[in-house]
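Undergrad: The residues making up each chain are set out below.
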Amino acid sequence: MSPRRTAAPAGKTPRRAPSRRDGAGGAHPPGLGALASALAHELRNPLGVILLSVGNIRRKSAPGAFDAQLAGIERKVEESGRVIDAFLSYARIAPPRFARVAIAALVEECIDAARGRHARPGIAVGRDLGALRGRSVEADAGQLERLFGAVLDNAYESIAGRRGRIGVRGSFDPASGAVTVRVTDSGCGIHPGDLPRIREPFFTTKGRGRGLGLSACERIAGFHGASISVSSAPGRGAVVAISIPSRSSGEP
Amino acid sequence: MKKKKILLIDDDRELCGEMAEFLADEGYAVSAAFDGRAGASKAERRNYALLILDLKMPGIGGLELLSRLRAKGDATPVIVISGSPLVTPRDADDTFAPAADRCALRLADAVIPKPFDMDRLLETIRRIVG
Numbered sequence: 001m002s003p004r005r006t007a008a009p010a011g012k013t014p015r016r017a018p019s020r021r022d023g024a025g026g027a028h029p030p031g032l033g034a035l036a037s038a039l040a041h042e043l044r045n046p047l048g049v050i051l052l053s054v055g056n057i058r059r060k061s062a063p064g065a066f067d068a069q070l071a072g073i074e075r076k077v078e079e080s081g082r083v084i085d086a087f088l089s090y091a092r093i094a095p096p097r098f099a100r101v102a103i104a105a106l107v108e109e110c111i112d113a114a115r116g117r118h119a120r121p122g123i124a125v126g127r128d129l130g131a132l133r134g135r136s137v138e139a140d141a142g143q144l145e146r147l148f149g150a151v152l153d154n155a156y157e158s159i160a161g162r163r164g165r166i167g168v169r170g171s172f173d174p175a176s177g178a179v180t181v182r183v184t185d186s187g188c189g190i191h192p193g194d195l196p197r198i199r200e201p202f203f204t205t206k207g208r209g210r211g212l213g214l215s216a217c218e219r220i221a222g223f224h225g226a227s228i229s230v231s232s233a234p235g236r237g238a239v240v241a242i243s244i245p246s247r248s249s250g251e252p
Numbered sequence: 253m254k255k256k257k258i259l260l261i262d263d264d265r266e267l268c269g270e271m272a273e274f275l276a277d278e279g280y281a282v283s284a285a286f287d288g289r290a291g292a293s294k295a296e297r298r299n300y301a302l303l304i305l306d307l308k309m310p311g312i313g314g315l316e317l318l319s320r321l322r323a324k325g326d327a328t329p330v331i332v333i334s335g336s337p338l339v340t341p342r343d344a345d346d347t348f349a350p351a352a353d354r355c356a357l358r359l360a361d362a363v364i365p366k367p368f369d370m371d372r373l374l375e376t377i378r379r380i381v382g
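Residue numbers (my numbering), protein chains in the order written: chain A, 1 to 252; chain B, 253 to 382.
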């Protein structure tokens, strides 16, 4: 996930993902999935021993003697497990299976799913997807769902605890043939010092985030020859624009 | 009452030690084997109420051992424990996991991903063997 947003001066960090043809964009570094699996295994084993040791210490010590310390160890083991899960999930973004995807319907589904996940009555969600009706892109639907889901999750989380609004607008550029989905929110924005780093794996300012959301989105975008641009204004939330070629860049 | 016998098969000796200590206190008779070959040798005696089996071990791996036992008609209940990504909740539909591994996992009576706590282990054991 991307970092918590804070009021920030206007800034924009567009980045054009490499096309699929160049083979660099979202491609896995060689062996990343296997490396992640091996790392997960090697870390989960000692974590398992620690957790069982905590259980034995608790059972054999005087009641309440080390409760706070043992609970602290258990929390840290749990946090470590979540980091491992997040890394595995990131590393396992497989090369996409392309098919024609009706983009308006997919975005609609992602909006509805995000509303279900967050269920915050104080957040109004507007959508204007008329320009995408009848348009399709060549894409992996599951990966696009993950991408839009992560962007929408960030929008909701940036408004945490307050009233706010999220807007999703679609547009089509006849010249380039690209469709663009622009997600705006009235959240806290992104600190200008953080903007250049939000795409880095494991960069986060969220207390509970793993810092892999936007990085994963970048990899998915790279697979699709798509681009993600992020802009943020002080106290005025953020805008994330995802542009996807309607015909993949790897095609003639 | 005769204690139920549990065989732990895991190359992590510390993990076996912690589990054995706990399960002995809970009234089980616990033995351990620290690699797949030794585990297979002990398991073939078929006098255990339950096997607790790690997946990744030197020599014979846990899935291979489990497949061999089932192929020989050994229906001793088995709980698979593993730090492998193969057994995390998301892995039911994990295209990274070899199909043979996913099939073998279904031969187990329960699968517990590491790390796990005592309560989860005990609840699973009691559900399977009492």
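The hints are simulated quantities; they were obtained by calculation from the structure and are not laboratory data.
Hints may contain errors.
Pairwise CB distance ranges, derived in the manner of DEER restraints [claimed, not checked]:
1) L359/B with G116/A: 52 to 62 Å
2) G193/A with T328/B: 40 to 50 Å
3) G126/A with A272/B: 33 to 43 Å
4) A62/A with E375/B: 19 to 29 Å
5) R372/B with R97/A: 32 to 42 Å
6) E42/A with T328/B: 42 to 52 Å
7) G122/A with G311/B: 21 to 31 Å
8) G269/B with A65/A: 17 to 27 Å
9) S80/A with R379/B: 46 to 56 Å
10) E375/B with G31/A: 51 to 61 Å
Since we're looking at a predicted model, the values are computed, not measured.
From the three backbone atoms N, C-alpha and C, an ideal C-beta is built for every residue, glycine too.
Undergrad: Each hint needs a verdict: does it hold in this structure or not?
TA: Against the structure, the hints:
no.: 1; hint: L359/B with G116/A: 52 to 62 Å; result: violated (36 Å)
no.: 2; hint: G193/A with T328/B: 40 to 50 Å; result: violated (60 Å)
no.: 3; hint: G126/A with A272/B: 33 to 43 Å; result: violated (60 Å)
no.: 4; hint: A62/A with E375/B: 19 to 29 Å; result: holds (25 Å)
no.: 5; hint: R372/B with R97/A: 32 to 42 Å; result: holds (36 Å)
no.: 6; hint: E42/A with T328/B: 42 to 52 Å; result: violated (29 Å)
no.: 7; hint: G122/A with G311/B: 21 to 31 Å; result: violated (59 Å)
no.: 8; hint: G269/B with A65/A: 17 to 27 Å; result: holds (22 Å)
no.: 9; hint: S80/A with R379/B: 46 to 56 Å; result: violated (27 Å)
no.: 10; hint: E375/B with G31/A: 51 to 61 Å; result: violated (37 Å)
Taken one by one, the earlier hints fail for this structure at numbers 1, 2, 3, 6, 7, 9 and 10, listed in ascending order.
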